[in-house]
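Model the placement of chain B on the given structure of chain A, informed by the hints.
Listed in order, the protein sequences are those of chains A and B. Positions in the first sequence are counted from 1; adding 738 to them yields my numbering. Positions in the second sequence are counted from 1; adding 7 to them yields my numbering.
Source of the hints: derived by calculation from the structure; they are not laboratory data. One thing to keep in mind: the hints can contain errors.
Think about it this way: if two alpha-carbon atoms lie no more than 30 Å apart in a straight line, the pair counts; the simulated DSBU-like pairs of lysine-lysine are [what the hints assert, rightly or not]:
1) B/Lys-37 - B/Lys-182
2) B/Lys-37 - A/Lys-756
3) B/Lys-108 - B/Lys-182
4) A/Lys-831 - B/Lys-108
5) B/Lys-88 - A/Lys-756
6) A/Lys-830 - A/Lys-741
7) B/Lys-128 - A/Lys-756
8) B/Lys-37 - A/Lys-830
9) B/Lys-38 - A/Lys-830
10) A/Lys-756 - B/Lys-243
11) B/Lys-81 - A/Lys-756
12) B/Lys-119 - B/Lys-81
13) B/Lys-37 - B/Lys-12
14) A/Lys-756 - B/Lys-74
15) A/Lys-756 - B/Lys-270
16) B/Lys-267 - A/Lys-756
17) B/Lys-25 - A/Lys-756
18) B/Lys-37 - A/Lys-741
19) A/Lys-834 - B/Lys-37
20) B/Lys-209 - B/Lys-160
21) B/Lys-128 - B/Lys-38
22) B/Lys-243 - B/Lys-74
23) B/Lys-12 - B/Lys-198
24) B/Lys-51 - A/Lys-756
Take a look at the letters that make up each chain.
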Amino acid sequence: GEKSAEERWAYIQEEYSKCIRCYACRNACPSCYCPECFVDQNDPQWIGKTPEVTDSIIFHLIRNLHVAARCVDCGACVSACPVDLDLRVMSKKVEKEIKDRFDYTAGTDINEKPAMASYCENEKQDFIMG
Amino acid sequence: MVKIKKTDLNVFIEFLKKDFDVFAPTDVGKKAAFRKINSAFEIKHDITNTHLSPKDIFFPQSEVLFKYSDDGLKVPERDEKPIAVWGMKNCDTSSLMMLNKVFGDAHQMPDKDMYKDPYWKMKYDNCLIFNQACNEPLSTCFCNWFDGNPFAKKGADIFVVDTTDHFILEGISDKGEAFLAMYKPSEETTKADLDKIAELKKTAESYLPEKLDAKPLYNNMSKIWDEPIWEEVSAKCINCGACTFVCPTCHCFDVSDEGKGKKGKRIRLWDSCMFQIFTREASGHNPRGLSVQRVRQRIMHKYNYFVDNYEQYLCTGCGRCVQACPVNLDIREVIKQVLDYKLIKNEDN
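Just chain B, with the same shape it has in the complex:
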């Protein structure tokens, strides 16, 4: 374990910067997001989590796939340095592992390399994740509904705890341990530190909502596709797309060409099932043109279809959608509604 004084964080970040491009939570206007930083002084410490998720570090909102011209196709070159992310919370670390199942591992056909996304792998495979414990979960947090915990270490390379005046770092993966072994700490971790961490963990867990048994969620979802519940659930949704953009697990994308004549570029960009033309086909037919259909699509994707394909819920309870929604459509309420729902049209087996 490595113990750093908070006032010495700059020294650690400079050390990290030698081998990595460092990303961390920082101010972006009036909100917070993960951006590449040049010094520890840019890091925003006084928040539980950012408003925008770190998915755009590895899955950028717009990414040039290639440029085309008379000379052929040209794939953009990436910087040499691997990425390190400071200050990631367990909900985001878990989300990235889910996105890795989709983009990096081609989960359903893992031996087919052609389905693995090289743009994702270039950034994610070599990255170093500093998973920081949440000392004070927000009222919108519900990671414990989906196997999360404010002090979870799953997926971390290095686990970090803020103990008021210090950061205590623990190597979790081989990569993380190897990195920490290279840093010469100024202080030794004591038993008092470990006791403090245990105390902080207990306090953090007390902030979370009552644990909900989400296991029946998949089964209920499978039965209610054509039930009238969706009219009520979707009634106030304005299909603005804010939830999908702040969500760390949402990963639908569109491909767009921007060019003139013989020169241009092909760009992958974030799409959203909330957008009206999400399923509009070249013929003009739009199978999910109504708001109610698209809200149902989003909820079922997260809590049913993704389970079919990837054996887990596509949600980590980070609560960003609850914060961002302009009409206060609370996904926690939707989950509870689905769990409590008595079937009307279909037989309850």
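This is chain A alone, in the form it adopts within the complex:
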């Protein structure tokens, strides 16, 4: 059956505590092409560099959000990871959110404007106050 919220959070903590922050996932990803990655910035420093679980979770959350609506589930990150992390637990959730909010699936229609790169006057704005 479905896990409770507590069980799911415990799973994520347990899994991502194993991340060794080698950034193989980021380097293998075809959508990660920033000339300067946010983890390499130190003025300001956005996240801690140690493999402490809160920093590791933040790294993966931010990376997944940065590639949101561009990740096609190619699996290169999973394949590159030297510790076999379950990276899809986050990426699939982001994919689902994109589908629910914008009815968009990356990589299926070459003529469709990418969801995060286009403005639509009628799209849901429930996350904005007022």
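Leaving out everything else, chain B in the frame of chain A:
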């Protein structure tokens, strides 16, 4: 020598735990790594070696050097018990000796105590290493290229052989012999045991690749820094850093402060020559900003620069990089390419 039944290993580990914090190969998710264990039942026996090296026992991935506040600096206290490591293989034992040259001995200036790393020495100087023989080297193993052997005893405090139903332990260093003398074994080692060990050694050696003469490697490396070989070698590397993190000899580190206002801590953490900002300077200048430059840096550090400074290759042929690399960049192929390379730009003297 001490002979223990495998089913009695728990008794031995409990005995060891009285005086030591015991580390051993254990499951970490789907992979294996060295972690502190509380009982022998946590030890993973069915692998030749772990995916992550034991260097992080002595050189942790992140280590708080000190905390700072209005009250001044405070160095973290270490636990009282020394460290014992069960199940280390010869490639890792040799790697730790190399890291000790860097951190513990200040190899080039051994009489200058201020250059010896107290954080390393606190853990390594008193440790007890159980060096276990590899009965079945992997297809990625090549320790014999760098003076290693699956049954090598160099650097061990205690040498252990798995003879199917038993572990045979032999004291190698004074520390190891003294420790074993305190343990009362239940069985005597027999000639049959020694014959079995010799047989296992012969079988293990048959698994290894053909021995490569690595001696010309240093000389070839010295001549090819600006040759075009590196474009081909580095072509598929994605600079992910996996190789440097699983490697038992890689030891580059970064220092980072994490704090807020007047309170915080200074942390030493693993860095990697594969990372894009590895050599980025405060001015913004980055002398090794290209992938090809950084791949060359890694290979030359391991097989040339370290020899200049420490008189040995910074590689023990453990093969973890070969296993971890997502693009199958095989360092053995790079070594062969360098050995076979015909100079283009420079005169071949």
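Satisfaction of hint between B/Lys-270 and A/Lys-756, Cα-Cα up to 30 Å:
holds (28 Å)
Given the hinted pair B/Lys-37 and A/Lys-756, is their Cα-Cα distance within 30 Å?
holds (10 Å)
Restraint check for B/Lys-37 with A/Lys-830, where alpha carbons must lie at most 30 Å apart
holds (21 Å)
Under the criterion that the straight-line Cα-Cα distance not exceed 30 Å, is the pair B/Lys-37, B/Lys-12 satisfied?
Distance ~28 Å between B/Lys-37 and B/Lys-12 Cα, so the pair holds.
Between the alpha carbons of B/Lys-38 and A/Lys-830, is the straight-line distance 30 Å or under?
holds (23 Å)
Does A/Lys-834 pair with B/Lys-37 here, judged by a C-alpha cut-off of 30 Å?
With Cα atoms ~26 Å apart, A/Lys-834 and B/Lys-37 stay inside 30 Å; holds.
30 Å limit on alpha-carbon distance, applied to hinted pair A/Lys-831 and B/Lys-108
violated (48 Å)
Given the proposed pairing of B/Lys-51 with A/Lys-756, does the C-alpha separation stay at or below 30 Å?
Holds. B/Lys-51 to A/Lys-756 sits at ~17 Å (cutoff 30 Å).
Check the hint pairing B/Lys-108 with B/Lys-182 against an upper bound of 30 Å on the C-alpha distance.
Measuring from Cα to Cα gives roughly 20 Å; hence the hint holds.
30 Å Cα cutoff - pair B/Lys-267, A/Lys-756
Answer holds: B/Lys-267 to A/Lys-756 is near 27 Å, not above 30 Å.
Given the hint that A/Lys-830 pairs with A/Lys-741, test it: the Cα-Cα distance must not exceed 30 Å.
holds (16 Å)
Given the hint that B/Lys-37 pairs with B/Lys-182, does the C-alpha gap stay at or below 30 Å?
violated (35 Å)
Checked against the numbered hints above, the structure breaks hints 1, 4, 22 and satisfies the rest.
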